[in-house]
Amino acid sequence: MFLDASDEQLARKAQLGDRDAFHALYQRYLHRVYNRVRSKVPQQDVEDVTQEIFIAVVRSLDSFEQRSRFNTWLYTIVNRQIADFYRRRGRSPRSAIELDDDGSKEIPVAADVEGAEQRVVLQRALQQLPEHYQEIILLRFVDGLTFAEIAEQRGQSLEAVKSLYRRAIQAIRDRLDGV
Amino acid sequence: MSIIHDHDDRQLDEELAAMTDAFLNNPNLATPTATGDLRRYDDIVRDLYAFLNDDGPSAAFEQRLAQRLDHEWTLLAAQRAERRASKWWNRPIVSLAAGVAIVVLALTLVSSLLPRGSSMSGSIVEGFLVGGAVIGVVGALIAIIVILRRR
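One line per chain: the protein sequences are E and H, in this order. Just so it is clear: in the first sequence, position 4 is 3 by numbering that gives the first Met the number 0, and no numbers are missing. Just so it is clear: in the second sequence, position 105 is 104 by numbering that gives the first Met the number 0, and no numbers are missing.
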């Protein structure tokens, strides 16, 4: 029904009270928001934080002005809610992600332990990156934007974005080498 | 030396971006083994993909959240409707007054276009016209505000 509509068009309809338009936006962004949250908070808290984000979106939908892109506005809310989550817990993101925070309730077998450990190590490395490095990785891997689309969205040249991306990957490499 | 270094970095930027694009376009396809500096990044790209593209939320969570948002939406819609109804320009009496004023303005305009009767003195007719016009203009302004606010 809303396949051809842009995010901004859907947001405008939702602001005017169209529930279906909001649902279409929800469907469009749930996986991306979930995976973003998953990259930044312990596994057992991902659903709660994701839920809080979408409730905040419903409540503040009227504040979205068509001047910016919808996803820029949405990810501002995502980052704010994640920051609030860590503020409530009284811990910084970097110290919060520990192996025992994985949320697994079952006794893990060796392969699971290795996988969980690898996931936490990578999550911690990602979390330690400067915000603009994290953002470029998330836009490419989670949102599936091409480098050209990222460049357009960020108002940067394609070369600058590719360079930023390489430095972000290098920074993760450096952090993993230091583990 | 610096120029050569910049050139190498730019080439690496391009190669890494191309390698990432090729991998993300078809993650299941075995890509040619990277060489040189690029090899260092290959594993990171694969690990990031595996980490950031997990199964996603469960269907149960997706449904639960959709229901929660639906409830939130209904609640907010009711609050909005209540707020809208409490605004002065949405009160029925204001709409009625604006409607009456528009009618008065219309009558005034119509009567001003008609030929003046000899049985009424000119000053009474003019007074009626001016008074009616003032009421009508004020009413029309209120009506315009009401219409604009409701949009």
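Hint data in this document are derived by calculation from the structure and do not stem from the laboratory. Owing to the predicted nature of the structure, the values given are computational and were not obtained by experimental measurement. Just so you know, not all the hints are guaranteed correct.
Restraint ranges, calculated between C-beta atoms of paired labels, are given here [to be verified]:
#	chain 1	residue 1	chain 2	residue 2	range
1	E	Ala-82	H	Thr-73	26 to 32 Å
2	H	Glu-81	E	Gln-127	27 to 33 Å
3	H	Ser-57	E	Glu-130	27 to 33 Å
4	E	Asp-83	H	Gly-35	18 to 24 Å
5	H	Thr-73	E	Ser-156	43 to 49 Å
6	H	Ala-77	E	Arg-172	17 to 23 Å
7	H	Ile-146	E	Ala-147	20 to 26 Å
8	E	Leu-15	H	Gly-35	54 to 60 Å
9	E	Thr-145	H	Asp-42	18 to 24 Å
10	H	Gln-62	E	Ala-147	20 to 26 Å
11	H	Thr-34	E	Arg-87	32 to 38 Å
12	H	Arg-83	E	Gln-117	49 to 55 Å
13	H	Asn-27	E	Arg-11	36 to 42 Å
The C-beta atom is built at its ideal place from N, Cα and C for all residues, glycine as well.
*Falls inside 49 to 55 Å, the C-beta gap from Arg-83 (chain H) to Gln-117 (chain E)?*
Holds, since Arg-83 (chain H) and Gln-117 (chain E) (Cβ atoms, about 53 Å apart) stay within the stated range.
*Check the following: the C-beta atoms of Ile-146 (chain H) and Ala-147 (chain E) are separated by a distance inside 20 to 26 Å.*
For Ile-146 (chain H) and Ala-147 (chain E) the Cβ distance comes to about 45 Å; the hint is violated.
*Honestly, do Thr-34 (chain H) and Arg-87 (chain E) meet the 32 to 38 Å range at C-beta?*
The hint (32 to 38 Å, Cβ to Cβ) is violated, given that Thr-34 (chain H) and Arg-87 (chain E) are roughly 47 Å apart.
_Given the hint of 18 to 24 Å, is the C-beta distance from Thr-145 (chain E) to Asp-42 (chain H) inside that range or not?_
holds, 22 Å
*Asn-27 (chain H) and Arg-11 (chain E), beta-carbon distance inside 36 to 42 Å?*
holds, 38 Å
*Pairwise beta carbon distance, Glu-81 (chain H) to Gln-127 (chain E), judged against the given window 27 to 33 Å*: violated, 47 Å
*Is the hinted range of 54 to 60 Å satisfied by the C-beta distance from Leu-15 (chain E) to Gly-35 (chain H)?*
holds, 55 Å
_Given the hint of 17 to 23 Å, is the C-beta distance from Ala-77 (chain H) to Arg-172 (chain E) inside that range or not?_
Violated - the Cβ-Cβ distance for Ala-77 (chain H) and Arg-172 (chain E), about 53 Å, lies outside 17 to 23 Å.
*May I ask you to test the hint 43 to 49 Å on the CB atoms belonging to Thr-73 (chain H) and Ser-156 (chain E)?*
holds, 46 Å
*Range hint 18 to 24 Å: satisfied by the CB atoms of Asp-83 (chain E) and Gly-35 (chain H)?*
violated, 44 Å
*Starting from the hint 20 to 26 Å, judge whether the C-beta atoms of Gln-62 (chain H) and Ala-147 (chain E) obey it.*
violated, 36 Å
*With 26 to 32 Å as the target window, see if Ala-82 (chain E) and Thr-73 (chain H) comply at their CB atoms.*
Between Ala-82 (chain E) and Thr-73 (chain H), where Cβ atoms are some 29 Å apart, the hint holds.
When held up to the earlier numbered hints, the structure conflicts with 2, 4, 6, 7, 10 and 11 and fits the remainder.
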